[in-house]
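Q: Each chain, letter by letter, is given below.
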Amino acid sequence: MKSANELLAGNGSHETWTPLLEMATREVFELMLGCQLAVPAIAEEPIPEVTAMVGLAGQLCGVLSVRCDNKAAALMTSKMLGVELDKVGAEVSDALGEVCNMVAGNFKNKIAGLAEGCLLSPPTVVTGSDYNLHSLAESPGLEIRLLFERMPVVISLQIHS
Amino acid sequence: MPISALIVDDSSVMRKIVERSLRQAGLDLTKVFEAGNGAEALVVLQENLVDLILCDINMPVMDGLEFIKQLPTVANAKGVPVVMITTEGSESHVVEALSHGARGYIRKPFTAEQVKEHVVPVLEGKS
Chain G
1 MKSANELLAG
11 NGSHETWTPL
21 LEMATREVFE
31 LMLGCQLAVP
41 AIAEEPIPEV
51 TAMVGLAGQL
61 CGVLSVRCDN
71 KAAALMTSKM
81 LGVELDKVGA
91 EVSDALGEVC
101 NMVAGNFKNK
111 IAGLAEGCLL
121 SPPTVVTGSD
131 YNLHSLAESP
141 GLEIRLLFER
151 MPVVISLQIH
161 S
Chain X
1 MPISALIVDD
11 SSVMRKIVER
21 SLRQAGLDLT
31 KVFEAGNGAE
41 ALVVLQENLV
51 DLILCDINMP
61 VMDGLEFIKQ
71 LPTVANAKGV
81 PVVMITTEGS
91 ESHVVEALSH
101 GARGYIRKPF
111 TAEQVKEHVV
121 PVLEGKS
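Here the protein sequences come in this chain order: G and X. Just so you know, the first sequence maps onto residues 1 to 161 in the numbering used here. Just so you know, the second sequence maps onto residues 1 to 127 in the numbering used here.
Some clues are possibly wrong.
[Stated by the list, open to error] Facing chain G, according to a computed beta carbon distance under 8 Å, are these residues of chain X, among others: (1) Ser12; (2) Gln46; (3) Asn58; (4) Thr87; (5) Glu88; (6) Gly89.
Hints listed in this document are in silico derivations from the structure and should not be mistaken for laboratory results. Glycine included, C-beta positions come from ideal geometry on N, C-alpha and C.
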């Protein structure tokens, strides 16, 4: 089994994965939510009121997360379900977890050798902004910031090994 | 042709999306059953007849691959086509699903058009 470093050797550096992560994210939003993501003029940090995380294990170990504020998460849910925004309720966590799951799956399927050798965990969703996330691994990470209907969304991949 | 379908996914949002995609694909769904994992789906099938099953792979309790392995034990499920819908893109998953009787494989994210391309031939017995 190839390690993350061997995968990187065959697929370029971490930096070359960033466009793939962005492409994977854009495809999920276009196909499942019917909307285009934009690049912000200024990298804006959303209030991380909803954070979805999916673990990757196998040839690549790490955590992929999607974070945004409550309003963006509710609008994503509305678009996924095809219902009015005021009809959205408890499905928000489920919806953001699925977005994160699809971004993670779509991303790994774009990297040679990773589709086969990397498994995804079920999504975990944290709601509320009063938390700190600590990783014990001193590891590189990728992060992209995009605008969903003018609201910032951050997608991060923390690579552990 | 009116059909009934069973949608198996641990995400209720995804179950709704799959149902909407089936309707957008032009299928005349008379009844839609839902299950959150393979074990729940087997129970649904013991009590109901369906024409089509759409099933995720990564689910808690019983995943989609184990579900299709156990499907032949349910009399109501005999001959019912199964189409997998999953984020898993590995060829080994596709091969394993197809070897256990799945008739199609759709990767998430997907469009209603892709659902139509995979499901309609299955229902028409062409796949």
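Q: For a quick check of understanding: which of the numbered hints are violated here, in increasing order?
A: Hint 2 is the one this structure does not satisfy, whereas the remaining hints hold.
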